[in-house]
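Chemist: Counting the sequence shown from 1 gives a position; our numbering is that position plus 3.
Simulated from the structure, these hints should not be mistaken for lab results.
Don't take every hint at face value.
Said to hold, decoys possible - FRET-style restraints, in silico, Cβ to Cβ:
{"id": "1", "residue 1": "GLY195", "residue 2": "GLY35", "range": "36 to 44 Å"}
{"id": "2", "residue 1": "SER59", "residue 2": "GLY322", "range": "19 to 27 Å"}
{"id": "3", "residue 1": "GLY349", "residue 2": "ASP223", "range": "24 to 32 Å"}
{"id": "4", "residue 1": "ASP161", "residue 2": "PRO15", "range": "42 to 50 Å"}
{"id": "5", "residue 1": "ALA101", "residue 2": "PHE34", "range": "16 to 24 Å"}
{"id": "6", "residue 1": "CYS431", "residue 2": "ARG40", "range": "35 to 43 Å"}
{"id": "7", "residue 1": "ALA251", "residue 2": "GLY294", "range": "33 to 41 Å"}
{"id": "8", "residue 1": "GLN44", "residue 2": "PRO156", "range": "45 to 53 Å"}
{"id": "9", "residue 1": "GLY349", "residue 2": "PRO246", "range": "34 to 42 Å"}
{"id": "10", "residue 1": "PRO202", "residue 2": "ALA250", "range": "15 to 23 Å"}
Ideal Cβ placement from N, Cα and C applies to all residues, glycine included.
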Amino acid sequence: MGIVTGEFSASPGLDLITADEGNTLTILENFGTGVFRKASQIGLEDRYIATAVAASDINGDGIADAAVSADDVQSHPNFDGAIVRFSSQAVYSYNQIASAVDPFPTCISLADLDGDQIEDLAACATASAGGGFDGVVSYLRGNGDGTFAENQPINLGDVIPFQLLVADVDDDTDPDIIVTDDNAVWAFFGTGPGVTFAPPMMLGMVNEPQGIVAARFDDDELLDVAVAARGAARIVVFRQDNPRDFAAGVAHQAGLFPVALASGRFDEDDNEDIAVANYGSSDVTVLLGNGDATFQTQETVAVGTGPIAITTGDFNADGKTDFATADQDDETFGRDIQRVTVVLNGVSPPFTPTITPTVTNTLPPSRTPTPTFSRTATSRTPSATPTRGTPLPTPTPAGPGDTNCDGRLNQDDVDTVIRRIFDGTSGCLTGAVTAADVTRVVGLISNPD
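Work out the full structure: start from the sequences and follow the hints.
Modeler: Quick look at the structure:
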């Protein structure tokens, strides 16, 4: 569900943490050379299903803390969400603290949302409004001592957020919000003080927007915005020419179903570059910036099957930016065991993987397979028919809201939609699924007639 960096081991080397399908957080400790080991695994309470992860040293003890957005499956029929914090007590020792937020959180951010120089927590969510649904950002104000205030939703109106970015995009010292919904990218510019924002401005339409990143892709002081267009196998870059004035989006080729982006300086110039995790082709496209918000393809690097998230960092302390992916569908090390691929920068070709990917479980050394990296993605066609035993009966769907076709309308159908947004395959649905389908299914479950 996600991967981010942080200093979790209190020893040299940037570490990694992943939110796994098994509803656990796995900490991968870096030996300082870009080689990792599984150091700790933390389980969420059974009532929570994680959807995204963030990390930072929230309580100021020198050890990274973590937070996840999550569905609260025990909150039926309210469909509430939660932000679950893992506050460090010592290395690999955490207190688990949950805060209620608005329904169906699909993203999480640790950033200064109100301009007081203290990190806050925010999540993409949905809220009931006048018989319908509005998009909201669930906002938990940081108190500066590692604790947070209760949820204060920021209403986004008709914009149902799926991904969220918090930054001072227009360079006026007030934090801004950039979000993607089912078909566009929107900016909510901060008007300060506090969490006040101007009406939404659409940067442009995007075919199934997914990952989002902001960086200075040209030579001015303003942040530009790049978005992964999952349905078009492209990334779309919106260049900010003047404060709050964005040029039309320019598309650049990516792999199949790009879902996550990270920016960094991957070559030796001073231009910002982009790494794109392509879920469908199981690889990462490295795009080198030309310094004018345009890009050229450097190379495509094969990673594990179904990369769903990407993060960057200098993992081997050589001064070069590396990256790592969370490979949701990879079964190299066993069923439902998520793999992490670490790619070090500095060999020829520049981004060819140089180490065996790290997994989120521990296997005896004799059983650890060595993956073969191929630049040709391997497609897998799942079979819908059991290969042995008595064929299972096919339940009759209970209606259009029965997204997992189990004959019932319940919270499981909402979870299926959310999972499909991430992996593109869950459930018995056909076609693309967006955040708008979450609210549609909730309405069908609440009013089945």
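Chemist: Please go over all the hints and tell whether each is borne out by the structure.
Modeler: Going through the hints against the structure:
no.: 1; hint: GLY195 to GLY35: 36 to 44 Å; result: 41 Å, holds
no.: 2; hint: SER59 to GLY322: 19 to 27 Å; result: 23 Å, holds
no.: 3; hint: GLY349 to ASP223: 24 to 32 Å; result: 30 Å, holds
no.: 4; hint: ASP161 to PRO15: 42 to 50 Å; result: 48 Å, holds
no.: 5; hint: ALA101 to PHE34: 16 to 24 Å; result: 33 Å, violated
no.: 6; hint: CYS431 to ARG40: 35 to 43 Å; result: 39 Å, holds
no.: 7; hint: ALA251 to GLY294: 33 to 41 Å; result: 19 Å, violated
no.: 8; hint: GLN44 to PRO156: 45 to 53 Å; result: 32 Å, violated
no.: 9; hint: GLY349 to PRO246: 34 to 42 Å; result: 37 Å, holds
no.: 10; hint: PRO202 to ALA250: 15 to 23 Å; result: 21 Å, holds
The structure is inconsistent with the numbered hints 5, 7 and 8, although it conforms to all the rest.
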